[in-house]
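Chains A and B supply the protein sequences, listed in that same order. For the first sequence, numbering that gives the first Met the number 0 gives the first residue as 0, with consecutive numbering after it. For the second sequence, numbering that gives the first Met the number 0 gives the first residue as 0, with consecutive numbering after it.
Among the clues, some could well be false.
Copies of the same chain look alike in the list, so a pair counts if it works inside one copy or between any two.
What the hints assert, rightly or not - Under the rule of at most 20 Å between Cα atoms (straight-line distance), these lysine to aspartate or glutamate pairs were calculated in the DMTMM-like manner: (1) Lys191 - Asp4; (2) Lys14 - Asp55; (3) Lys439 - Asp453; (4) Lys14 - Glu44; (5) Lys332 - Asp444; (6) Lys20 - Glu44; (7) Lys154 - Asp453; (8) Lys7 - Glu44.
Rather than coming from a laboratory, the hints here were simulated on the basis of the structure. Values in this document were obtained by computation on a predicted structure and should not be read as measured data.
2 protein chains.
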Amino acid sequence: MLTPDKIKPLITYLKETQHIKSAISLLSWDQETYMPSGSSQARAEQLSGLMALVHDRQVGREMSERLSKLIDLKTGELVSETAEPFPALLREVWRDYDRATKLPSDFVRALSLETALAHPIWIEARKNNNFSQFSPSLRKIVALKKEEAEYLAYKDSPYDALLDEYEPGMTVAQLVPIFSSLKDKLLPLLEKIAASPRQPRTDFLDEFYNESAQIRFGEQVLTAMGFSFQTGRQDLSTHPFTTSFHPSDVRLTTRVDTHDLLSSLFSSIHEGGHGIYDQGLLQEYFGTPLGEAISLGIHESQSRLWENSVGRSRSFWKHFFPILKETFPRPLKDLDLETWYAGINCVRPSFIRVESDEVTYNLHIMLRFEIERDLIENNLPVEQLPDRWNELMQRYIGRKPTTDAEGILQDIHWAGGAFGYFPTYTLGNLYAAQLFNQAKAEIVDLSAQMAKGDLLALKTWLNEKVHRWGRQYTSEELIHRITGEPLNPDYFTKALYKKYAELYRLS
Amino acid sequence: MLTPDKIKPLITYLKETQHIKSAISLLSWDQETYMPSGSSQARAEQLSGLMALVHDRQVGREMSERLSKLIDLKTGELVSETAEPFPALLREVWRDYDRATKLPSDFVRALSLETALAHPIWIEARKNNNFSQFSPSLRKIVALKKEEAEYLAYKDSPYDALLDEYEPGMTVAQLVPIFSSLKDKLLPLLEKIAASPRQPRTDFLDEFYNESAQIRFGEQVLTAMGFSFQTGRQDLSTHPFTTSFHPSDVRLTTRVDTHDLLSSLFSSIHEGGHGIYDQGLLQEYFGTPLGEAISLGIHESQSRLWENSVGRSRSFWKHFFPILKETFPRPLKDLDLETWYAGINCVRPSFIRVESDEVTYNLHIMLRFEIERDLIENNLPVEQLPDRWNELMQRYIGRKPTTDAEGILQDIHWAGGAFGYFPTYTLGNLYAAQLFNQAKAEIVDLSAQMAKGDLLALKTWLNEKVHRWGRQYTSEELIHRITGEPLNPDYFTKALYKKYAELYRLS
Chain A
0 MLTPDKIKPL ITYLKETQHI KSAISLLSWD QETYMPSGSS QARAEQLSGL
50 MALVHDRQVG REMSERLSKL IDLKTGELVS ETAEPFPALL REVWRDYDRA
100 TKLPSDFVRA LSLETALAHP IWIEARKNNN FSQFSPSLRK IVALKKEEAE
150 YLAYKDSPYD ALLDEYEPGM TVAQLVPIFS SLKDKLLPLL EKIAASPRQP
200 RTDFLDEFYN ESAQIRFGEQ VLTAMGFSFQ TGRQDLSTHP FTTSFHPSDV
250 RLTTRVDTHD LLSSLFSSIH EGGHGIYDQG LLQEYFGTPL GEAISLGIHE
300 SQSRLWENSV GRSRSFWKHF FPILKETFPR PLKDLDLETW YAGINCVRPS
350 FIRVESDEVT YNLHIMLRFE IERDLIENNL PVEQLPDRWN ELMQRYIGRK
400 PTTDAEGILQ DIHWAGGAFG YFPTYTLGNL YAAQLFNQAK AEIVDLSAQM
450 AKGDLLALKT WLNEKVHRWG RQYTSEELIH RITGEPLNPD YFTKALYKKY
500 AELYRLS
Chain B
0 MLTPDKIKPL ITYLKETQHI KSAISLLSWD QETYMPSGSS QARAEQLSGL
50 MALVHDRQVG REMSERLSKL IDLKTGELVS ETAEPFPALL REVWRDYDRA
100 TKLPSDFVRA LSLETALAHP IWIEARKNNN FSQFSPSLRK IVALKKEEAE
150 YLAYKDSPYD ALLDEYEPGM TVAQLVPIFS SLKDKLLPLL EKIAASPRQP
200 RTDFLDEFYN ESAQIRFGEQ VLTAMGFSFQ TGRQDLSTHP FTTSFHPSDV
250 RLTTRVDTHD LLSSLFSSIH EGGHGIYDQG LLQEYFGTPL GEAISLGIHE
300 SQSRLWENSV GRSRSFWKHF FPILKETFPR PLKDLDLETW YAGINCVRPS
350 FIRVESDEVT YNLHIMLRFE IERDLIENNL PVEQLPDRWN ELMQRYIGRK
400 PTTDAEGILQ DIHWAGGAFG YFPTYTLGNL YAAQLFNQAK AEIVDLSAQM
450 AKGDLLALKT WLNEKVHRWG RQYTSEELIH RITGEPLNPD YFTKALYKKY
500 AELYRLS
């Protein structure tokens, strides 16, 4: 990009900071993949040392001096005019700067200490299946997050200030009607599915599937999706994730269970969606907000689109099921495409969010959203969480978990202070459906292409419509630019009704 | 350690810097092991950005402010008294600071740019077997290294200033008699060996050896040596190396050739020696000079001691040869220990340094030392290097290489500006022999232990005598403390004569 001379010193500084952030990302990736077990203490110290260094650079004198030459640090207004994309770039730099400087250093340290302490306590409590071991930590973290919301400031709800970290601009006022509409559609659908006499076979999914063949098949699918192994790779870790050090170095992980064919496969496709986004960010903007993903919701839309709209579609498997059968002839040889397709789309309510199907998944998120609001807005006492959790599970999923481990203690997020994060999963599902609907309208014969295993037109469409823009637009603006309307949950529920009415022969 | 309050701010600052340096090491390790090929440009930029950051921290205002409270920055004298080990710690911090601040920033940038440019040119020139492609780069680098010596200052020879970077305190005046004594012993030995009617069999070494079995066997040996896989690991790379991010995270690499059994095996043992040193540095001193290796020569002594004094000894193979035969029954089943032992110690002069045996290796280094001195002290024109090289090869090895690639262009060092580095390889060999001689005197039944595969007493002895001290002593002091005398090349030549007189039945 042709950067105006006056902006160059800021961009140089941002890129230097980004180098440290990328190093932190590599250290974290390595921690989950190859690091020897005896080094966790040293690595934790190193990470926190480098994160402190990054924080100092983000809020320190050198940053404010460079930024104040371009922007009024109080209001965020540009000091002088400049051509696109620089107003957007500066707007987003200021957004980050403003959020970071609103939080006092003592507070940042306190929160970081508390969450560092909470992590092993949560692990232990979950292992012992005992929420009361974790609740003192959680109480402190909730108190800190309320304090954080006050520092950050908000208009209507303190929860808005927390949401804004993960999904800039998103508010409780926008989320409530969305979840309400989802609830009205999903609960009746779930009831009908449960009552359907037609229930798919899934027995073949937990046969023995050779580990390295699973990985190889996943890589074949990733390659077809357009994930580049020239600028990326896939490794193994306990929990699958995607990380990126630069658009030319994007790393996925998956996990493999020899008796669970879908776990590794859908992890690879899901993380591949994230990875394709990261590979699609423009290299020339690396280190600036224009080279970063817009929001967690949009990021998740990319993984969900590939995982659900593509990876759980009949078209996709028209091409890939024969290949899968060749890869695993023993367990799959007598299976036909329809049985496979029904099996991988089986709806079976689970207590565990990450094991949930497309129909129930968002109900798990709704439950967490309600609880988080109760904690942040309404002072729900932490002690009452397990009861509240179980009561909502009964209402949405129809059953109560019998243990804390498969209930309130199942997710890592709260131990890390990530309140306002969960709703981005549902937003991801909704954005995905709306984007995929648009892609089908714009790409000629998309289903036919998918049925031939040709996924590159879709990948290129996403590159052009979503990835290349970085943080140039807000999520709201981006979705409107692409689809001509604001976020609309109906695309998601309509696609779901169409698919499951057919699969379960619903009236 | 109980750090005096006045020293704490400095140590905190040093540790922060070390975190960035460790991140750089991980980025470099990753570059050689797992990084996707498409990311080399971004990684190079990231590394140079972070190295600049480290340099700024090492010579900047914050460093000088903290250091000047403890040390007179001009003379290196302590401002006030303090108990051991802090005088040594501060002496070494000042040594690094003083060297770094003597070099102007413009000079550092120019050298770093020139060597970055030279690297691909050297690769290309070697591929094309054409020294004249590389000589313009080399001329510039030599000129810069002479300039560097002037900045750093020296008493007798400008080459001393360069040596001092890799082997603090070492001088041309010390090296000349050492190499002269080596030459007087090695050349006659080599002649006798060549004339011996008894030449060992080596045909079994290039049979087919399964790759993963080679790696597994290497790991077995590493474990017996006491290299910890709790705080370390081994991966594959084109050129074997060792790197460390902390004593609790030390990484080796090896390379495997299915038709060269010794390549991977001795790489693992050699790098394992380096790795055991790094794992043996005291964690409490991490980030300070007392948590760093003393010199390249002492580091190399650890790898050479394990590789040659242990790994090429009869005792070692008494235990490991039966295991190796079980691992590779087909190619080794009819071989006896003596044939194996003679084969792995075969002396066969090569043009290539890294393929050389124990007897000829130091002759390769002597040649390089003489050429480097000629370049730095005597203004030998770069154009004359190939002739000078070939003439010395004829004198030491008895044959002239016919191509630049197997002559003057074989090593990467000069392209990287590493003048004064080569002598540390020979110093490593000499230190190793002197240390191993002392170990045999102090450890009861060391040979018998080795013959049972028990190498831990030796490892513990090295931990106690060498590793734990970091940079507390200079190499000269350390060798004297351990062996009661200064560096003495006779231990090396005596051990060599004893071994090869027997192997080749020399009179």
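Comparing the hints with the structure gives:
1. Neither within a single protomer nor between protomers do lysine 191 and aspartate 4 lie at most 20 Å apart by alpha-carbon distance, with minima of 63 Å and 71 Å respectively.
2. Taking the closest pair of Cα atoms, lysine 14 and aspartate 55 come within 20 Å of each other both inside a single copy (15 Å) and across two copies (16 Å).
3. Taking the shortest alpha-carbon separations for lysine 439 and aspartate 453, only the intra-copy value of 14 Å comes in at or below 20 Å, while the best inter-copy value is 68 Å.
4. When the C-alpha separation of lysine 14 and glutamate 44 is checked against a cutoff of 20 Å, the pair qualifies only between copies, where the shortest distance is 10 Å, while the shortest distance within a copy is 24 Å.
5. Taking CA atoms no more than 20 Å apart as the test, lysine 332 paired with aspartate 444 passes in neither setting, with 30 Å inside one copy and 64 Å between copies.
6. Proximity of lysine 20 and glutamate 44 under a CA criterion of 20 Å is satisfied in both settings, with 15 Å inside one chain copy and 14 Å between copies.
7. Taking identical chains as interchangeable, the C-alpha atoms of lysine 154 and aspartate 453 are never at most 20 Å apart, the minima being 47 Å within one chain and 71 Å between chains.
8. Taking the closest pair of Cα atoms, lysine 7 and glutamate 44 come within 20 Å of each other only across two copies (17 Å); inside a single copy the shortest separation is 33 Å, beyond that limit.
This entry does not satisfy hints 1, 5, 7, going by the numbered hints stated previously.
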